[in-house]
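Protein chains in written order, with our numbering: chain A, 1 to 494; chain U, 1001 to 1499; chain E, 2001 to 2095.
Please keep in mind that the hints were generated in silico from the structure rather than gathered at the bench. In this text, a Cβ means the ideal position worked out from N, Cα and C, and glycines have one as well. Each hint should be verified, as a subset may be incorrect.
Which stretches of chain E does chain U cover? Using the computed rule of at least three CB atoms under 8 Å from a CB of chain U, they are [unchecked claim]:
#: 1; segment: 2053-2064
#: 2; segment: 2067-2074
#: 3; segment: 2081-2090
What follows is a set of in silico ranges between Cβ atoms, one per label pair, in the way DEER data are often shown [to be verified]:
#: 4; chain 1: U; residue 1: N1032; chain 2: E; residue 2: D2025; range: 49 to 57 Å
#: 5; chain 1: A; residue 1: L381; chain 2: U; residue 2: V1314; range: 42 to 50 Å
#: 6; chain 1: A; residue 1: R269; chain 2: E; residue 2: T2007; range: 52 to 60 Å
#: 7; chain 1: E; residue 1: K2022; chain 2: U; residue 2: D1265; range: 42 to 50 Å
#: 8; chain 1: U; residue 1: G1204; chain 2: A; residue 2: D96; range: 33 to 41 Å
#: 9; chain 1: U; residue 1: N1032; chain 2: E; residue 2: E2050; range: 45 to 53 Å
#: 10; chain 1: E; residue 1: D2025; chain 2: A; residue 2: A425; range: 34 to 42 Å
#: 11; chain 1: U; residue 1: A1317; chain 2: E; residue 2: D2045; range: 53 to 61 Å
#: 12; chain 1: U; residue 1: I1250; chain 2: A; residue 2: A425; range: 53 to 61 Å
#: 13; chain 1: A; residue 1: R247; chain 2: E; residue 2: D2045; range: 29 to 37 Å
#: 14; chain 1: U; residue 1: R1305; chain 2: A; residue 2: A358; range: 50 to 58 Å
#: 15; chain 1: U; residue 1: K1379; chain 2: A; residue 2: P339; range: 29 to 37 Å
#: 16; chain 1: A; residue 1: A358; chain 2: U; residue 2: E1130; range: 56 to 64 Å
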Amino acid sequence: MSDLTKLTIAQARDGLKTRDFTSLELTEANIRAAEAATELNIYITETYDLALQQAKLADDRLADGSAADLTGIPLAIKDLFCTKGIKTTAGSHMLDEFIPTYESTVTANLFRDGAILLGKTNMDEFAMGSSNETSFFGPVINPWRVEKEGKNLVPGGSSGGSAAAVAARTALGAIGTDTGGSIRQPGSLTGTVGLKPSYGRCSRWGVIAFASSLDHPGPITRTVRDAAIMLSSMASYDEKDSTSVERKVPDYEAELTGDLKGMTIGVPREYRLEGMADEIEKLWSAGADWLRDAGATIKDISLPHTKYALPAYYIVAPAEASSNLARYDGVRYGLREMPQGGDLDAMYEATRAAGFGAETRRRLIIGTYVLSAGYYDAYYLKAQRVRQRIAEDFNSAFKDVDAILTPTAPNAAFPIGDKMDDPIAMYLNDIFTVPADMAGIPAISVPAGLDNQGLPLGLQIMGPAFEEGVVLKVAYALEKAAAFDAVPKEWWKA
Amino acid sequence: MNEANRSGIIQGATGEWEMVIGLEVHAQVKSNAKLFSGAATEFGGEPNNHVSLVDAAMPGMLPVINRECVRQAVRTGLAIGAKINKFSIFDRKNYFYADLPQGYQISQFKQPVVGEGCLTIELKDGSTKEIGIERLHLEQDAGKSLHDQHPDLTYVDLNRSGVALMEIVSMPDMRTPEEAGAYVRKLRTILRYIGSCDGNMEEGSMRADVNVSVRRAGAELGTRCEIKNVNSIRFIMQAIRYEAQRQVDILEDGGTIEQQTRLYDPGKGETRAMRSKEEAHDYRYFPDPDLLPLEFDDDFINEARESLPELPDVRKARLEETLGLNAYNASLLVAEKENADYYEALLSAFEGLTGKPATELATTAANWVTGDFFGLLNKAGKSVSESPVGPEAGAGLLALVADGTISGRTAKDVFEIMFETGKAADVIVDEQGLKQVSDQGELEAIIARIIADNPGQVEQYKGGKDKLFGFFVGQVMKATGGKANPKLVNELLRGTLDK
Amino acid sequence: MSVDKNTVVKIAHLARIGVEDKNLDAMTAELNNILAWIEQLNEVDTEGVEPMTSAVETKLRWRQDEVTDGGKSEDILKNAPESECGFFAVPKVLE
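Chain A with its partners taken away, still in its complex shape (with noise of 0.2 Å):
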């Protein structure tokens, strides 16, 4: 039998139903992966007994007919994601104790499918971060790294323990949510896979919030069509999440053809930044003449406001975190700090000092700043604004073209801690990637190539509103014209 944990999630669904081999072995290797990886520091809670249940019951259900095409698949998923009786934690000291007595919907919708749950992955403290360093559980080391020089990567952020789960084959996919870039940034940091399906398209029921109207979960994997068999699982109107939209979830597989015959690509210009290094820019147009190879027409589009995405996202998220996690308040769950003699108030500033790491606790100060009175129009009501240009520009782009191709993140892994001191290079990670987020957009970040050290760069594929089959389907033909085969030396290992 080859090494199960190598396989590809429609691999082992197919395997799992042909009988070659069971979701009890497919699991078993998969935490055999893992246990022989913690040093990378994916995951915050292991779930290897549940596993082992589940996939014994994945079986059953293999044997009578009954699977679906999750079923015996062990995954790794984000620890924003509630899980009911297990300890659910936002990477955060905050909710290190905090055990959920509820499910989230999408990870309900992965356990009806019969899902198979390995652990709870590390991520950046409430989402917040390009890096996967300001987790309280400590950073997650990428797989990949530069030989000669050994030193340890960041994986990116902030779903970066689910990303390093899938890229070093301890799991077979995974599940993160993004927000401002955090499924893709850290897909094309580790080269995996990573989608952001439309804002309503996955219920956020359940997901610990981070900026409600910008949180998307989403699938990583290793292929294009992992992720299309992950997303027609998770995806699903929910009745509990007002934001949730009530749409047909289609056959996502279906649209992968690989034939761009009739379609136009977009190229925006204002994604070519000075200093970008070349390597992107090479890959970035080698992208182009694989998507016309397969048949489109490429045309260059602008996109003007793409440079007020991410100043504009630094406003709007804050502001809404800095509300979403006033409940934590060392009241009704989560972190109590309570000094001597101390009054509410006390309590308030003493748990929430204690309990937030340093760049949470940047981000709620920027955001109760920018909300206060007198700045409100200043700030939140012109990020608003110009959020409506991000959109409006995306809008009228697709009324030319089909789909739009950039670069996923301005460079390759880089080294854990080179950029933590600096607030600002570390939010730019994300200029790609936060103008889909704002404007609720579907986006796909495929593993395209590597750069001069031998690290994986993404290319990324936005399309309209709800039309996540087009992006899978422009994803793919990109996928198989990379033919992007490259792994990570299993150095951990040695």
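Dock chains U and E against chain A, hints included.
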């Protein structure tokens, strides 16, 4: 308190001061479930039992709005003649408090569901005044903090958390405590009429934040203080009087009024600054990103409008104009919907029993309902809906008076028995032989005997002592055990004596 | 726009985040850095542009007025740092 104070004018050493009063009434929407969750709104119960994960603001929980709460807000808006906004926004009002689980209250700030309206209040002297309403919006109630259960701890119960409230904000149009009282009473009447709030102030389903300032007559508005959470009309009036006087005393001493949030202590009859509200607030309102704008169409509004009952002002006008009731009776009857409903049901039954037109019977019926009926209910501490005597039974009693079977005097006694036993009026009259004597021959015989027995009085009467007429009536009544038909007795006596 | 230390103290208190005095200077500088970077938004002409209220263009959905939840005080209190007699407990609040 002096007379001047009652009028809203406070006489200071340096001249007269005028009170300016505005009210923010928080009325709990009558609904089964909360504004954004499926937990019950039921009052009381075990602590934290009517609480969903949403109400406790568990991580990842999201609000979904209850249609009925929107409908009730729209109905209320229509009942106060206000502008209904088909597009409105839910905002978050951010502040920290132990019984505010989310760390924000979902409310409506810039774009409320209901805009400007107006309420007509009636004052004791019979005059009316229009009080402007600025807006009505929907918001969540907070939980409840209990400060007196433990020496060092405050207990928090979230059963109220998330219950829908309508905040109804008046313009600063009131000038006396009486006007403020009349405003709350009127608002309560309307809410109860349309059933959007039970108006129960003891259970807290209606409470008011009272804004009070004072100024020289006609001058610019003074700095106001807000007295939070006053839960009875009497306390509202008392708090206003105290607070206005306090402000005048400060101003008269050359001081300035500090804008403050205060609490009314009914025990001491004082207001005091709230400790927890000392710092300046900055609520950082912004649209709730978990919700979309609230939108509905004309059909929704029309459906709400059609569901409204006849409103108290319209009903009062109808009772006065078509039935000829006086303003006093009409006011008393429409103050509660169930009172007016009782009256109209009784009148209709009365019509059926007597075959006479309603206009002829209306005042008799109104006098009885507002007099004997309300009197006995009050004494028994019962509401109209709890009355053991239904409108048909009441009409049965009045019909017996109308056809002369019993006298008005006897009717009072019969009603008391009805009230106690629940028996019908005619049954009681039969059982106790209370039917009045209307047999002319029988009465003539009695009268003849009385005249024969009292020759002296007859002589005096005939000599001009008219007052003695009553003596003869009394004698007849005595002889019949009070059952003689008084009208007939009068007629027969006059016929005999005045010959 | 830039902020001074007093503003940072005020904002931190609004956010109920305790800040040690020794960190104030650094925090103020950091905040000003970020705010200066955000300033570039002023280059965008937003005259007549409505602020975005939601990324989805659907109508707000309504729930029916039915009691479907509650009766789970155990779950509600399960993660509480301190609870007594079915209540959450916090240090005494003076009103």
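Chain U covers the segment 2067-2074 of chain E, three or more CB atoms within 8 Å, holds or violated
holds (count 7)
Cβ separation of D2025/E and A425/A, checked against the hinted range 34 to 42 Å:
violated (21 Å)
Taking 42 to 50 Å as the hint, is the beta-carbon distance of L381/A and V1314/U inside that range?
holds (43 Å)
Does the Cβ-Cβ separation between A1317/U and D2045/E fall within 53 to 61 Å?
About 57 Å separates the Cβ atoms of A1317/U and D2045/E, which means 53 to 61 Å holds.
Within 49 to 57 Å: is that where the Cβ-Cβ distance between N1032/U and D2025/E falls?
holds (55 Å)
Quick one: are R269/A and T2007/E within 52 to 60 Å, going by C-beta?
Violated - the Cβ-Cβ distance for R269/A and T2007/E, about 40 Å, lies outside 52 to 60 Å.
Could you see if the CB distance from R247/A to D2045/E stays within 29 to 37 Å?
holds (34 Å)
According to a criterion of three or more residues whose C-beta lies within less than 8 Å of a C-beta of chain U, is the segment 2081-2090 of chain E covered?
holds (count 8)
Confirm or reject the claim that K1379/U and P339/A have a C-beta distance inside 29 to 37 Å.
Hint violated: Cβ distance 59 Å, outside 29 to 37 Å.
Outcome for the supplied range 33 to 41 Å, where the beta carbon pair is G1204/U and D96/A:
holds (38 Å)
Is it true that N1032/U and E2050/E lie within 45 to 53 Å of each other by Cβ?
Cβ of N1032/U to Cβ of E2050/E: about 36 Å, so the range 45 to 53 Å is violated.
Coverage criterion applied to the segment 2053-2064 of chain E (partner chain U; beta-carbon cut 8 Å; 3 residues)
Our answer is that it holds, as 10 residues pass the Cβ test (under 8 Å) against chain U, meeting three.
Consistency note: the structure conflicts with the earlier hints numbered 6, 9, 10 and 15.
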